[in-house]
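Start counting the sequence shown at 1; every next residue gets the next number (full-length UniProt numbering).
Some hints here could point you the wrong way.
[Stated by the list, open to error] Below, in silico cross-link-like pairs of lysine-lysine (DSSO-like), each with a Cα-Cα straight-line distance of 27 Å or less:
{"no.": "1", "residue 1": "Lys-74", "residue 2": "Lys-42"}
{"no.": "2", "residue 1": "Lys-25", "residue 2": "Lys-61"}
{"no.": "3", "residue 1": "Lys-74", "residue 2": "Lys-95"}
{"no.": "4", "residue 1": "Lys-61", "residue 2": "Lys-42"}
{"no.": "5", "residue 1": "Lys-42", "residue 2": "Lys-67"}
{"no.": "6", "residue 1": "Lys-61", "residue 2": "Lys-120"}
{"no.": "7", "residue 1": "Lys-25", "residue 2": "Lys-95"}
{"no.": "8", "residue 1": "Lys-25", "residue 2": "Lys-42"}
{"no.": "9", "residue 1": "Lys-186", "residue 2": "Lys-213"}
{"no.": "10", "residue 1": "Lys-95", "residue 2": "Lys-161"}
{"no.": "11", "residue 1": "Lys-120", "residue 2": "Lys-161"}
{"no.": "12", "residue 1": "Lys-74", "residue 2": "Lys-25"}
{"no.": "13", "residue 1": "Lys-161", "residue 2": "Lys-186"}
{"no.": "14", "residue 1": "Lys-186", "residue 2": "Lys-120"}
{"no.": "15", "residue 1": "Lys-95", "residue 2": "Lys-67"}
{"no.": "16", "residue 1": "Lys-74", "residue 2": "Lys-61"}
[As the list claims (entries may be wrong)] Now the in silico label distances, taken between C-beta atoms and shown as ranges:
{"no.": "17", "residue 1": "Val-64", "residue 2": "Glu-19", "range": "41 to 47 Å"}
{"no.": "18", "residue 1": "Asp-137", "residue 2": "Gly-251", "range": "41 to 47 Å"}
{"no.": "19", "residue 1": "Ile-114", "residue 2": "Arg-273", "range": "29 to 35 Å"}
If you are wondering where the hints come from, they were derived from the structure by calculation, not from laboratory data.
Just so you know, even glycine gets a beta-carbon here, dropped at the ideal spot from N, CA and C.
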Amino acid sequence: MQETPSMWQGIDVFLAIVEQGSLSKAALSLDCSTSFISRQLKLLESRLGTTLIQRTTRSIKLTVAGKAYAERLKVIQQELHTATSLVQGDQEWLKGPIRITGAGEFVANRVSPILANFVKLHPDVDIELDFNNRAVDLVEEGFDLAVRFGRLQDSNLIARKLCDRAMTLVATPDYLAANPILQHPKDLTEHNCLVARNPRWRFVENEQTIEVKVAGNWFSSHPQAVLHACLQGLGIAHLAQDIVAPYVENGTLHYILTDFQVSDNATWLVYPRKDLMPYRVRALIDYLLAAFRAD
């Protein structure tokens with residue numbers, strides 16, 4: 001009687017090819033021959049009735065079906081490792097990559113030390129922290145988590161608040177002395193405003209949110225660049241209070257229009273909705289949230 005192939009047969013080979021980037025490297029990682037790897041892949045594709053990998057003499061490329069299959073298998077693979085670890089009583093075992101995207105000094109100074117502590121506790125976890133100011137598509141670009149600031153609008157993502165971060169207006173005493181007096185947010189249209197990302201600044205008046213479109217001769221997607229321009233007396237900056245507080249305390253900058261500042265800004269931990277999330281990612285989410293609650 002001929003033995004029916006297991007549904008798992010060839011999957012470890014397929015994942016090794018995806019991770020290693022070639023059949024020969026996959027063979028080395030699994031300590032077998034390249035011909036065995038090729039044969040197992042063909043059997044898997046035959047069983048599934050579709051091509052998973054397009055092969056040439058020089059390279060391999062995942063098909064659309066192969067990419068989708070690999071993404072799901074990686075999650076299942078991690079869950080199997082986690083289940084085995086839990087059954088064996090080793091609940092602290094975590095292994096594998098976690099890709100995170102974020103930007104700014106907050107991520108560098110507040111988030112990255114917590115990530116480093118997490119890796120110290122779980123040395124088999126590999127952290128990739130990408131500093132990027134553009135709107136990253138987490139699913140399309142394969143990120144597990146993002147750290148984002150401000151109001152969130154993408155309903156396809158899950159958002160967990162790390163901390164509140166109030167916004168504030170600041171300028172140097174010299175700039176304020178040499179320019180028109182500010183009594184209302186609308187007066188900002190008469191000033192040189194240093195823009196970080198969004199030229200529409202939000203304020204609150206009589207419990208209603210108002211928006212002022214500002215302009216100036218300095219635009220940067222990085223808050224620290226805006227801060228440095230402000231410190232040079234170039235104009236007015238609209239930044240998170242924790243960034244500018246040290247400079248206000250030593251008198252280098254002054255707060256402006258404090259009665260009009262909104263209080264609904266926060267920094268968020270954001271991640272895609274997934275039926276199965278790797279245990280290591282769930283563990284890191286819990287670790288980050290606990291760290292900020294304790295701060």
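Outcome of the hint check:
The straight-line distance between the Cα atoms of Lys-74 and Lys-42 is roughly 20 Å, inside the 27 Å bound, and the hint therefore holds. With a CA separation close to 15 Å, the supplied pair Lys-25 and Lys-61 stays within the 27 Å bound. A distance of roughly 12 Å separates the Cα atoms of Lys-74 and Lys-95; the hinted pair therefore holds under the 27 Å criterion. Taking the CA atoms of Lys-61 and Lys-42, the gap is about 15 Å. The hint holds against a cut of 27 Å.
About 16 Å separates the Cα atoms of Lys-42 and Lys-67, which keeps this hinted pair within 27 Å; it holds. For a cut-off of 27 Å, the pair hint linking Lys-61 to Lys-120 is broken: about 35 Å separates their Cα positions. This hinted pair checks out: Lys-25 and Lys-95 have alpha carbons roughly 21 Å apart, not beyond 27 Å. The suggested pairing of Lys-25 with Lys-42 holds, with an alpha-carbon distance near 17 Å, which does not exceed 27 Å.
As the CA atoms of Lys-186 and Lys-213 are separated by approximately 9 Å, the hinted pair is consistent with the 27 Å bound. Distance check on the hinted pair: Lys-95 and Lys-161 sit about 26 Å apart at the alpha-carbon level, within 27 Å; holds. Distance check on the hinted pair: Lys-120 and Lys-161 sit about 24 Å apart at the alpha-carbon level, within 27 Å; holds. With a C-alpha separation of about 18 Å, the suggested pair Lys-74 and Lys-25 falls inside the 27 Å cut-off, and the hint holds.
Between Lys-161 and Lys-186 the CA atoms are separated by roughly 31 Å; this puts the pair beyond 27 Å, and the hint is violated. As the CA atoms of Lys-186 and Lys-120 are separated by approximately 50 Å, the hinted pair breaks the 27 Å bound. Of the pairs offered as hints, the one joining Lys-95 and Lys-67 holds, with about 22 Å between alpha carbons and a cut-off of 27 Å not exceeded. As the CA atoms of Lys-74 and Lys-61 are separated by approximately 17 Å, the hinted pair is consistent with the 27 Å bound.
Taken as a hint, the range 41 to 47 Å is violated for the pair Val-64 and Glu-19, whose Cβ atoms sit roughly 19 Å apart. At about 43 Å, the CB distance of Asp-137 to Gly-251 agrees with the hint of 41 to 47 Å. Look at Ile-114 against Arg-273: about 24 Å separates their beta carbons, and that is not inside 29 to 35 Å.
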